[in-house]
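Undergrad: Here is what each chain is made of, one letter per residue.
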Amino acid sequence: MLPRVGRLVNFELAKLFRQKLPYVVLFPIVGAILLVMMRAMDVQGEAVADPRIRNGFEYLGTSCLWALRLVSVFAVVIASLSLSGEASQGTYRMILVRPVTRTDVFISKALVMAIVVLVLFIATAVLSYGLLHAVHGFWRDGSYMSPLNEGRFTLMGEEVIADPNRTKAILAGDFRLAMALSILPLLASGCFGLLISSIFDNTGAAVGLAMFLAIALYGFASVDRKAGKYVFSHSLEYGLSVAKHRAEGYSDRKWEDEEIERAWLVPLVSAVAFLGVAYGIFLKRDILT
Amino acid sequence: MSPVSITPPTASRADVVLRTEGLTKKFGHFTAVDGLNLEVRRGDIYGLLGLNGAGKTTTIRMVVRLIAPTAGKVLAFGEDVRENSLSVLNRIGAMVEIPQFYPYLAGRKNLELLYGLSGGKDRGRVDECLALVGLDDRGGDKVRAYSQGMRQRLGLAQALLTKPELIILDEPTNGLDPQGILDIRNLIRKLNTENGVTFVISSHLLHEIELTCNRVAIVHKGRLRVEDEVKKLLDRSLAVARVKATPMEEAKKVFALRRVEVVGLQDGAFKLRCGPEALPDLAQALHASGCEIWELTPGRATLEDFFMAETGRGGPHAA
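First to last, the protein sequences are chains G and E.
Numbered per the numbering used here, the first sequence finishes at 289, counting up by one with no gaps.
Numbered per the numbering used here, the second sequence finishes at 319, counting up by one with no gaps.
These are calculated hints, taken from the structure and not from any lab test.
You can take every hint at face value.
Now the in silico label distances, taken between C-beta atoms and shown as ranges:
| id | chain 1 | residue 1 | chain 2 | residue 2 | range |
| --- | --- | --- | --- | --- | --- |
| 1 | E | 147 | G | 286 | 27 to 37 Å |
| 2 | E | 104 | G | 204 | 12 to 22 Å |
| 3 | G | 18 | E | 195 | 25 to 35 Å |
| 4 | G | 123 | E | 27 | 40 to 50 Å |
| 5 | E | 144 | G | 25 | 16 to 26 Å |
| 6 | G | 123 | E | 98 | 35 to 45 Å |
| 7 | E | 147 | G | 17 | 21 to 31 Å |
| 8 | G | 123 | E | 79 | 40 to 50 Å |
By construction, the Cβ of each residue, glycine as well, lies at the ideal position given by its N, Cα and C atoms.
Work the whole structure out from these sequences, hints included.
TA: See the structure below:
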């Protein structure tokens, strides 16, 4: 099975690399969001003459949260095109008549989706960090941000307030945990897209419904915060918002073990369930297009 | 109505490349394919004939396991296609309906990817196949710029990639110009005679099937009506004559009285199933009954005549 899946992954990636447009569009959008968020925070700091110097982790948390929200929508869209795209184009007729099984095809589609999501995640993190330095870098005087290479995370006005709980190492650890917690919800978003994709032969219907449901679930999780914790995309919000609040220093928000556990468990279970149902549908369906 | 059984005795197991046994597909209450038993032998160019909606494409889709049969099974090279799909599909090339490719990739790149998917490593094979179908000079163009005929050729090329023993082509000449049709026909014959490749060709182009295939199955409303060698079908039962006589009602009575079967009506002339030796007597009988004879032409029937008779156009087995 492995050689066949390997060939299929290679096949999928070769197709993907030649479809440059989505990525050509996505990265400037992500970059623009990061820039706008960083700048907005900076301007806000100037406008209110905030004596508190903002630190890089605060910027990073906010900008990454917005960028990853976009990536999660993109993951849903890309994944919802995955199976339905072959069906609507009629290209299954070229793939499935070859010595590969449907299981091989499904695994390769899921793997490629995961690869794309992870690449986008890493790219977002790198881009975010890079832009942070470019815009509010070490060299820039007059920024309201405390550069990342300085340990002045507790600087208030001209005074450095001693706070052993908010050292650079601790905030960096917060940020790493938040980013790690963001991976599973992104993958779950992709699996959700695959599930919708396995149902439809029409890409428009698949993308439309997948986006609608993903946004509806996101809205539901924002409105009903208690039940929203069980929505797969929630932990994307949870990790980065905790990290950001802790970096700000205003809030006494803390990491809670139960929440952390839920933050990886809910998207993991959701992803497995989405994949299982999508696989079942894909295995049983007649290819009529 | 029972299927016509003029199929010769079953070939030995080793000779049979593809066999369907009681193959059935239902979509809800609609039965698209109903207990189909086909047998394709090694070296055949086997035509699968039927009207639109007869179940040809559904049958092919079941053979290459794009859809699952409701009942029955498909055996290729003696193995069940669903149970041993990998080993079976290694030996089959297929083009199902109008071939679809990735439009943003070049024709050559599409073939390279599909060849790689089948585990192919011979780098020259893709160019070989492009040359075989006459696309060697357009392989670098994106598929979105291809005409339907070029896509059809590319579809045929992808079916040839792995040098399969059995090639299944669904309407292979769709969208091709006359030269293209001739090229494809010659290619099929060449591969069949020189390389021993077995072909299954589904089509409703009767003339094309008659010219290309050695064996044929006629499928109507999902059921097998006839399966035999084309030559035998034509020799056995297709002596026809064209008779134009008036009044037509009177002429019909004469035909019925003399048990001459009316196969069809064309331009006011009857097409009769009878050999040239019967025509003098028939002319006398028509004359005796007061009919005026305007035309009386003996002729050799075509597969079209047989097909029309078998698919409910006045034949003895029509519904």
